[in-house]
Amino acid sequence: MVPLSYYLVLSGILFACGVTGFLIKRNIITIFMSIELMLNGVNLSFVAFAAHWHALAGQIFVFFVMVVAAAEAAVGLAIIIAVYRTRETLNVDRVNLLKL
Amino acid sequence: MISVHLILFLMFGAIALAGAINLLAQTHPINSALSLIAVMAALAGEYLLLGAEFVAAVQVIVYAGAVMVLFVFVIMLLNAGVEEHTQGSRVAILFGVPGTLLGSILIGWVVLRHSGTEAVAAGALPGAPTTIGPMLFHEFLLPFEITSILILIAIMGAVVLASKPPTAPPAALRKVN
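Line order of the protein sequences matches chains A and B.
For the first sequence, our numbering gives the first residue as 20, with consecutive numbering after it.
For the second sequence, our numbering gives the first residue as 4, with consecutive numbering after it.
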């Protein structure tokens, strides 16, 4: 038996790691992976709350979050490829102009 | 009392945490991607402990499988190297670190103090595909269909964005400036 708060604390720490990575990382791909980490932290809270309140809808929401995350990964990585093609760098500090 | 459930929770939680911290510590994106795969696999174990069998399976297949393969593929395609360090903002460190500490202590205190202390039992909720499926195709039919349109748009968007521009190549663009 594990208290609900343990799951929430783990989920919060994972989300905080994602936020930290988003802020301190310079590689655009790693920043993108940090976003995925945040989504995973949120998913854990969804499943923990679903088990706690006996509401199956929480697991359905996780399913939708995963679908949106997959779509986001496909479009985001395509954008990264397009950025790399024009700038020839993955460092976000060097991507500071809207127009070349 | 220490139960098997708690031991498994702590084990998977430690793996997830170590992976998340390793993601931040590594400078090469491929190492970060591999630690993210470890986080996702450990989270699938946590979902199994919570009785969400379907979500655990989808987590492994879609997240640890498809999405992360896409990430690794792009890292190798772009030949991403070790990330270079640039000078960060001093104001961000001056205000960000104490602010983050304060915020996390506050949130942790509220969660530990005010959330329910009743335990979540393993397999308390049937999360098998046989119970998820009917719910997905009855109560959540409209969101499900809308997601299919979203995925279609994402596919088209990815193809359009990643395809080479037919007109001027980037080298010619740079010469104009």
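Hints were generated in silico from the structure; no laboratory data involved.
Quick caveat, the model's predicted, so the values are computed rather than measured.
Any given hint could turn out to be false.
Stated by the list, open to error - Derived DEER-like restraints, expressed as beta-carbon distance ranges:
hint: 1; chain 1: B; residue 1: I152; chain 2: A; residue 2: M20; range: 24 to 30 Å
hint: 2; chain 1: A; residue 1: A74; chain 2: B; residue 2: N34; range: 22 to 28 Å
hint: 3; chain 1: A; residue 1: T105; chain 2: B; residue 2: V72; range: 45 to 51 Å
hint: 4; chain 1: B; residue 1: T30; chain 2: A; residue 2: T105; range: 32 to 38 Å
Unchecked claim - Which bits of chain A does chain B cover? Going by a derived footprint, with three or more residues having C-beta under 8 Å, they are:
hint: 5; stretch: 43-57
hint: 6; stretch: 67-80
hint: 7; stretch: 89-102
Glycine included, C-beta positions come from ideal geometry on N, C-alpha and C.
Checked hints:
1. Under the hint 24 to 30 Å, the C-beta atoms of B/I152 and A/M20, about 42 Å apart, miss the expected range.
2. The given range of 22 to 28 Å is broken by A/A74 and B/N34, whose C-beta atoms sit roughly 38 Å from each other.
3. Distance hint check: the CB atoms of A/T105 and B/V72 are about 25 Å apart, inconsistent with the given range 45 to 51 Å.
4. The hinted window of 32 to 38 Å between B/T30 and A/T105 is violated, with their beta carbons roughly 24 Å apart.
5. Counting residues of the stretch 43-57 of chain A whose CB lies closer than 8 Å to any CB of chain B gives 11, which reaches the minimum of 3, so the coverage claim holds.
6. Only residues whose C-beta sits within less than 8 Å of a C-beta in chain B count toward coverage, and the stretch 67-80 of chain A has 9 of them, enough to reach three; the restraint holds.
7. With 12 residues having a Cβ less than 8 Å from any Cβ of chain B, the stretch 89-102 of chain A passes the three-residue criterion, so the hint holds.
Violated hints, in rising order: 1, 2, 3 and 4; the structure is consistent with all others.
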